[in-house]
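*Asks:* Construct all of the structure, not just a fragment, from the sequences and the given hints.
Chains as they are written, first to last, in numbering that gives the first Met the number 0: chain U, 0 to 434; chain L, 0 to 279; chain A, 0 to 319.
The set of hints was computed from the structure by calculation and includes no laboratory data. Don't take each hint at face value.
[Unchecked claim] Below, in silico cross-link-like pairs of lysine-lysine (DSS-like), each with a Cα-Cα straight-line distance of 25 Å or less:
id, chain 1, residue 1, chain 2, residue 2
1, U, K363, U, K242
2, U, K314, U, K385
3, U, K170, U, K188
4, U, K233, U, K297
5, U, K331, U, K133
6, U, K416, U, K188
7, U, K384, U, K165
8, U, K292, U, K170
9, U, K314, U, K371
10, U, K233, U, K146
11, A, K85, U, K425
12, A, K97, U, K425
13, U, K292, L, K53
14, L, K53, U, K293
15, A, K85, U, K188
16, U, K385, U, K165
17, L, K11, U, K297
18, U, K385, U, K371
[As the list claims (entries may be wrong)] Some, not all, of what chain L presents toward chain A, calculated at C-beta under 10 Å:
id, residue
19, L18
20, L27
21, L153
[As the list claims (entries may be wrong)] With the C-beta cut set under 8 Å, the calculated list includes, among others, these residues of chain L facing chain U:
id, residue
22, I51
23, V125
24, F129
Note that the coordinates shown come from a computational prediction; the quantities given were computed from them, not determined experimentally. Positions of the beta carbon are idealized from the N, C-alpha and C atoms, including for glycine.
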Amino acid sequence: MTAGGAGLQGRLKRLLAVTTAAAMVGFAAVGCGGSSGDSSSTSGGPVTLEFAQWWAPELPAGSFDKLISDFTAQNPNIKVKLLSAPYASTKQQLVSGAASRTLPDVVGLDGAWVSDFAKQGAITDLSKLMSDAKYDASQLASQVQVKGKTYMIPVVNFVYPLFVNKDLLTKAGVTTAPSTRTQFLDAAKKVSALGGNVKGWALPLDTAVPNGIQNDVMSWLWASGGSMLTQDGKPNLTSPQVKSTVEYVKSLNDAGVIAPGALTMKEQDKVEKFTTGQVGMVIDSLAHINLIKKNSPKLNFTVAPVPAEDSYTGKRGIPYASWGIGIAESSKHKAEAFKLVQYLMSQQTNAQLSTLANGFPGNKTAEPDFSKSDPLFKTAFDIYKKGYPANEFVGLPKSEELMRSFDEQLQLVLTGKQSVDDALNKTQESWSSVL
Amino acid sequence: MLTRKRRRLGVKIGVLAGLCIGAAFAGLPVVWMLSTSFKTNGEVFQVPPRLITKNFSFDAYRQILGSASQLRFFLNSYIVALSVTALTLLVAILAAYGFSRYNFPLKKSINAAIVSVQAVPPITLVIPYFGLVVALGLYNTYPGLILTHTVFTLPYAIIMTTAYFNTLPRELDESVKVDGASSWTALWRILVPISVPGLIAVGVYTFMISWNEYLFALTLTRTDDMRTVPIGIQLLMGQHSYEWNQIMAMSILGSIPVLVLFLIFQRRFIGGLTSGAVKA
Amino acid sequence: MEPARVDQTAFPEAATVVEQTPPAARGRSRPFTLRGLVPFGYLSPTVLLILVLMVIPIAMVVSYSFKDNVIVEQNPVFTGLANYTKVLTDPNFLVAIKNTFIFITLSTIAHLVLGLAFAMMLNTPLLSGVTKAIFRIVYILPWLFTIAVIAVIWRLMLDPSGVVNYVLTTVGGLQHGVNWLSDPNTALWALTFINIWSGYPFFMISLLAGLQGISSDLYEAAAVDGASAIQQFRHVTIPQLRPVLISMAVLDLIWTSQQFALIWLTTGGGPLNVTEMLSTFTYKQAFSNYEFATASAAAVIVLLITMILAFFYVRQQRER
Numbered sequence: 000m001t002a003g004g005a006g007l008q009g010r011l012k013r014l015l016a017v018t019t020a021a022a023m024v025g026f027a028a029v030g031c032g033g034s035s036g037d038s039s040s041t042s043g044g045p046v047t048l049e050f051a052q053w054w055a056p057e058l059p060a061g062s063f064d065k066l067i068s069d070f071t072a073q074n075p076n077i078k079v080k081l082l083s084a085p086y087a088s089t090k091q092q093l094v095s096g097a098a099s100r101t102l103p104d105v106v107g108l109d110g111a112w113v114s115d116f117a118k119q120g121a122i123t124d125l126s127k128l129m130s131d132a133k134y135d136a137s138q139l140a141s142q143v144q145v146k147g148k149t150y151m152i153p154v155v156n157f158v159y160p161l162f163v164n165k166d167l168l169t170k171a172g173v174t175t176a177p178s179t180r181t182q183f184l185d186a187a188k189k190v191s192a193l194g195g196n197v198k199g200w201a202l203p204l205d206t207a208v209p210n211g212i213q214n215d216v217m218s219w220l221w222a223s224g225g226s227m228l229t230q231d232g233k234p235n236l237t238s239p240q241v242k243s244t245v246e247y248v249k250s251l252n253d254a255g256v257i258a259p260g261a262l263t264m265k266e267q268d269k270v271e272k273f274t275t276g277q278v279g280m281v282i283d284s285l286a287h288i289n290l291i292k293k294n295s296p297k298l299n300f301t302v303a304p305v306p307a308e309d310s311y312t313g314k315r316g317i318p319y320a321s322w323g324i325g326i327a328e329s330s331k332h333k334a335e336a337f338k339l340v341q342y343l344m345s346q347q348t349n350a351q352l353s354t355l356a357n358g359f360p361g362n363k364t365a366e367p368d369f370s371k372s373d374p375l376f377k378t379a380f381d382i383y384k385k386g387y388p389a390n391e392f393v394g395l396p397k398s399e400e401l402m403r404s405f406d407e408q409l410q411l412v413l414t415g416k417q418s419v420d421d422a423l424n425k426t427q428e429s430w431s432s433v434l
Numbered sequence: 000m001l002t003r004k005r006r007r008l009g010v011k012i013g014v015l016a017g018l019c020i021g022a023a024f025a026g027l028p029v030v031w032m033l034s035t036s037f038k039t040n041g042e043v044f045q046v047p048p049r050l051i052t053k054n055f056s057f058d059a060y061r062q063i064l065g066s067a068s069q070l071r072f073f074l075n076s077y078i079v080a081l082s083v084t085a086l087t088l089l090v091a092i093l094a095a096y097g098f099s100r101y102n103f104p105l106k107k108s109i110n111a112a113i114v115s116v117q118a119v120p121p122i123t124l125v126i127p128y129f130g131l132v133v134a135l136g137l138y139n140t141y142p143g144l145i146l147t148h149t150v151f152t153l154p155y156a157i158i159m160t161t162a163y164f165n166t167l168p169r170e171l172d173e174s175v176k177v178d179g180a181s182s183w184t185a186l187w188r189i190l191v192p193i194s195v196p197g198l199i200a201v202g203v204y205t206f207m208i209s210w211n212e213y214l215f216a217l218t219l220t221r222t223d224d225m226r227t228v229p230i231g232i233q234l235l236m237g238q239h240s241y242e243w244n245q246i247m248a249m250s251i252l253g254s255i256p257v258l259v260l261f262l263i264f265q266r267r268f269i270g271g272l273t274s275g276a277v278k279a
Numbered sequence: 000m001e002p003a004r005v006d007q008t009a010f011p012e013a014a015t016v017v018e019q020t021p022p023a024a025r026g027r028s029r030p031f032t033l034r035g036l037v038p039f040g041y042l043s044p045t046v047l048l049i050l051v052l053m054v055i056p057i058a059m060v061v062s063y064s065f066k067d068n069v070i071v072e073q074n075p076v077f078t079g080l081a082n083y084t085k086v087l088t089d090p091n092f093l094v095a096i097k098n099t100f101i102f103i104t105l106s107t108i109a110h111l112v113l114g115l116a117f118a119m120m121l122n123t124p125l126l127s128g129v130t131k132a133i134f135r136i137v138y139i140l141p142w143l144f145t146i147a148v149i150a151v152i153w154r155l156m157l158d159p160s161g162v163v164n165y166v167l168t169t170v171g172g173l174q175h176g177v178n179w180l181s182d183p184n185t186a187l188w189a190l191t192f193i194n195i196w197s198g199y200p201f202f203m204i205s206l207l208a209g210l211q212g213i214s215s216d217l218y219e220a221a222a223v224d225g226a227s228a229i230q231q232f233r234h235v236t237i238p239q240l241r242p243v244l245i246s247m248a249v250l251d252l253i254w255t256s257q258q259f260a261l262i263w264l265t266t267g268g269g270p271l272n273v274t275e276m277l278s279t280f281t282y283k284q285a286f287s288n289y290e291f292a293t294a295s296a297a298a299v300i301v302l303l304i305t306m307i308l309a310f311f312y313v314r315q316q317r318e319r
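*Replies:* Laid out in structure tokens, this is it:
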């Protein structure tokens with residue numbers, strides 16, 4: 000099996016060395032030939048593409064299959080096999096697949112995985128495919144690049160605004176959604192004072208999937224225009240802004256407004272607590288509107304920008320997550336795979352998909368259909384337009400591990416075992432070894 | 000005499016009380032599981048908690064049983080678990096016969112190696128194993144999953160079967176061999192039929208392990224038409240929400256085959272008591 | 000009717016594989032004859048399966064562990080024991096060893112105690128067969144569920160606003176609910192408790208079979224000698240069950256040390272690493288750090304530890 004490793008290194012070397020288009024084509028053939036003799040991809044019968052993603056389970060039942068069958072109707076020589084599983088399972092399978100060069104042709108990607116997969120040579124350079132297909136990349140809202148090459152195209156973007164349970168806040172005597180940190184603390188205290196199991200805010204810090212650091216902690220930083228990195232991409236965790244963010248989270252914890260069980264709470268639990276009216280406010284993905292309404296039709300809630308520092312007046316960074324798409328390096332049908340990518344990014348399809356998912360289109364020219372979607376979606380779009388998308392974890396190597404080490408230190412702070420300064424210094428140290 | 004009777008009664012009541020406490024420990028979580036499967040998702044965290052809620056319904060069961068893809072998980076689990084059981088029994092019977100009836104060089108080492116294999120933490124093997132299964136062309140196939148589960152169930156199955164064969168007197172198979180039959184015939188005509196109770200125990204153990212196995216079933220399959228029940232249950236725990244009632248309903252449904260197997264296993268064993276008598 | 004006689008022979012004798020060389024075979028077995036090959040024929044399917052699907056992956060893991068970061072890096076080169084030094088000096092790894100030790104020892108002891116207690120109650124001659132059969136089914140319930148579900152149901156019940164806290168605060172006299180799985184002071188104990196719940200039935204069944212294998216003559220003889228119930232337990236039951244108890248304990252230590260899904264799906268190793276185990280440590284190294292080499296080194300260390308347990312198991316077999 001070491002042969003597999005050697006082949007991989009060889010391919011990686013070539014990936015770095017080869018720049019011209021002609022050589023890239025040759026390389027692709029060699030790369031595939033390594034595992035099981037290449038078959039010429041364009042000749043003869045229909046081609047079957049495997050497409051692994053976690054999107055279908057999150058969309059209204061059957062709607063993603065419908066979009067894909069429209070694609071295959073337009074392209075009779077291409078068949079698409081959807082491999083659908085929830086996010087965590089998809090990730091586990093892609094990591095195993097990347098390690099043994101058996102990724103499906105087209106893969107759904109999270110910005111946080113891109114750097115590692117690209118480094119392993121598991122996903123292919125899309126810049127090359129775009130130029131081969133004479134694709135107009137200017138219509139793309141964003142591209143995720145590693146060392147100047149595009150490896151992922153965000154198909155749909157989801158922002159993470161503050162979700163506010165209007166009934167709970169009204170009951171607690173808070174009339175408008177908080178806009179500053181002081182207002183938020185105040186509102187959270189009042190909601191927590193309602194008693195019972197109700198708390199003001201939920202903070203999922205489970206270390207198994209430490210996304211809470213990105214969505215629920217760093218979002219406070221970004222909302223005030225802060226950054227956790229220096230200009231040249233080095234960690235900058237000891238800056239006053241990061242410190243004030245962590246101190247603020249600590250003050251929320253000290254005030255007892257965070258729902259119990261935070262240290263092992265998962266994202267699902269956070270949504271669950273909001274849906275069942277156990278917390279007044281959460282920072283959550285817009286994608287969850289449908290889910291919350293389905294599980295709790297009577298919940299009266301709205302979305303608002305994440306509160307910023309009291310004195311902050313600039314544009315607010317809004318954390319986002321993407322459904323990204325990439326193509327496997329080992330795919331024998333890269334041209335066909337790119338056709339599928341093009342289809343999903345096309346003005347019409349991209350608009351449809353965004354509307355279905357309550358996300359924002361990855362194609363700049365696509366307009367989501369607000370008439371068919373939830374009114375909250377329009378509210379969120381307005382918030383989005385006033386701010387800017389911010390997620391500094393996208394494209395970082397080992398981003399999950401970065402979040403985890405931050406998470407572990409934050410847990411020490413929240414349990415009173417460490418000071419904020421010590422925690423940030425230690426995190427800075429461990430991040431520095433990676434970045 | 001009276002005091003003795005009374006003491007007997009006291010002991011009986013004590014044992015019954017102990018059994019009930021133990022049963023509460025064992026059974027209450029399952030009761031809660033059952034109760035959750037009849038709730039709507041909104042009622043799961045209702046305060047105060049209720050065992051039976053006002054929206055009591057069989058919807059979750061209907062959704063599971065009405066969905067072709069969910070039923071496919073059950074079919075897959077049956078195919079895999081039954082094949083694993085059959086294959087494990089076959090291979091284990093042969094190996095156990097070798098260990099029990101022969102003496103040969105390296106016997107101790109081979110046995111020790113087989114025992115050690117079950118000491119290998121499966122989690123550590125996932126990555127190389129994945130590569131191996133892909134290289135063998137068994138990724139996302141039944142044979143891939145069946146062989147994998149078999150390798151993990153085999154060591155203990157061999158240990159159990161060998162132990163059972165060791166309890167059976169050698170005179171039994173020797174008597175057939177005297178008549179000119181081969182060791183092969185002696186194994187299948189004599190040893191296996193009287194070992195049925197022991198083999199059922201091995202089979203049930205194997206079936207349960209395979210039916211409930213999670214890590215490799217997740218890693219070695221990629222499409223829904225190959226996935227098994229534990230993965231199907233996990234698929235109901237999306238990134239964003241738990242379909243509590245369906246998870247519980249599917250777990251309850253998934254446990255039924257195992258429960259039925261256990262019930263049959265108990266009954267069949269009474270029939271096999273005679274072979275237990277051989278031991279005594 | 001006595002339906003309680005479960006697999007009485009299969010489990011308790013689990014320990015007698017090797018040394019019972021049948022006397023009849025001894026005189027005749029000559030090496031290098033055709034007949035000498037017969038046992039290898041019987042063993043060949045096993046050997047083939049284990050060689051291909053176990054030994055090869057293990058060899059791969061071992062080879063990864065001596066190299067510079069494999070799979071991800073371009074040039075994995077031989078680095079000797081560097082990965083081992085890295086793992087063994089990682090404070091998280093040492094914490095994981097400590098936690099794993101606590102977790103598996105407590106689980107095993109509880110499994111044995113509960114398994115034996117339940118098995119003895121289920122074996123009592125005082126109750127009717129039907130009563131015992133019903134209890135037996137209730138008692139094996141935890142065994143019927145896949146580990147993912149066990150994690151979910153316990154997360155649900157142990158949630159800060161879940162049913163356990165509700166009962167404890169309303170009728171149990173507790174002032175505040177406990178964050179069972181997220182309080183660093185309780186998480187490891189709560190997790191161990193869940194593992195005890197999910198794992199005892201296998202022991203109970205094995206020990207039940209063991210109990211039924213004890214000849215009633217022994218108890219009668221003890222009773223004639225005037226032995227009390229406790230004395231009978233100490234001088235008849237325990238010595239008779241000893242081999243089963245020991246081999247089950249060793250097997251359980253091995254199996255529990257491999258527990259991954261339960262920990263991952265309940266606490267993920269947190270809070271504050273108090274439930275970090277060897278299995279979760281290895282998983283994080285591989286699947287979120289992409290440090291396949293250090294993951295392999297950790298795996299080999301775990302393998303060595305479990306091999307030691309396996310060695311004791313084999314020796315236990317031989318001593319019988």
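*Asks:* Could you run down the list of hints and mark each one as holding or not?
*Replies:* Checked hints:
Using a Cα cut-off of 25 Å, the hinted pair K363/U and K242/U is violated, with the two alpha carbons roughly 36 Å apart. With a C-alpha separation of about 7 Å, the suggested pair K314/U and K385/U falls inside the 25 Å cut-off, and the hint holds. Distance hint between K170/U and K188/U is fulfilled; the C-alpha atoms sit about 13 Å from each other, no more than 25 Å. Taking the CA atoms of K233/U and K297/U, the gap is about 46 Å. The hint is violated against a cut of 25 Å.
At most 25 Å may separate the alpha-carbon atoms for a hinted pair to count; K331/U and K133/U meet this at roughly 20 Å. For the proposed pair K416/U and K188/U, the alpha carbon gap of about 24 Å is at most 25 Å, so the pair holds. Proposed proximity of K384/U and K165/U is supported: the alpha carbons are some 23 Å apart, at most 25 Å. About 21 Å separates the Cα atoms of K292/U and K170/U, which keeps this hinted pair within 25 Å; it holds.
At most 25 Å may separate the alpha-carbon atoms for a hinted pair to count; K314/U and K371/U exceed this at roughly 29 Å. For the hint pairing K233/U with K146/U, the CA-to-CA distance comes to about 15 Å; that is within 25 Å, so the pair holds. Under the criterion of a C-alpha separation no larger than 25 Å, the hint pairing K85/A with K425/U is consistent with the structure, at around 18 Å. Only pairs whose Cα atoms come within 25 Å are accepted, and K97/A paired with K425/U is accepted, the gap being roughly 23 Å.
Taken as a hint, the K292/U and K53/L pair is honoured in the structure, with Cα atoms around 20 Å apart against an allowance of 25 Å. Of the pairs offered as hints, the one joining K53/L and K293/U holds, with about 19 Å between alpha carbons and a cut-off of 25 Å not exceeded. Distance hint between K85/A and K188/U is unfulfilled; the C-alpha atoms sit about 46 Å from each other, more than 25 Å. Distance restraint check for K385/U and K165/U: the Cα-Cα separation of roughly 23 Å lies within the 25 Å cut-off, and the hinted pair is therefore satisfied.
Note on K11/L and K297/U: the hinted pairing is violated, with a Cα-Cα distance of about 54 Å set against a maximum of 25 Å. Simply put, K385/U and K371/U have alpha-carbon atoms about 23 Å apart, close enough for the 25 Å limit, and the pair holds. The criterion of a C-beta within 10 Å of any C-beta in chain A is met by L18/L, whose closest approach is roughly 5 Å, and the hint holds. The restraint placing L27/L at the interface with chain A holds, with a minimum CB-CB distance near 9 Å, inside the 10 Å limit.
Given hint, L153/L at the interface with chain A, holds; its Cβ is 6 Å from that chain's nearest Cβ, closer than 10 Å. The beta carbon of I51/L is not positioned within 8 Å of any beta carbon in chain U (closest approach about 19 Å), and the interface hint is therefore violated. Hint status for V125/L relative to chain U: holds, with the closest Cβ pair at about 7 Å, below 8 Å. The restraint placing F129/L at the interface with chain U holds, with a minimum CB-CB distance near 4 Å, inside the 8 Å limit.
Consistency note: the structure conflicts with the earlier hints numbered 1, 4, 9, 15, 17, 22.
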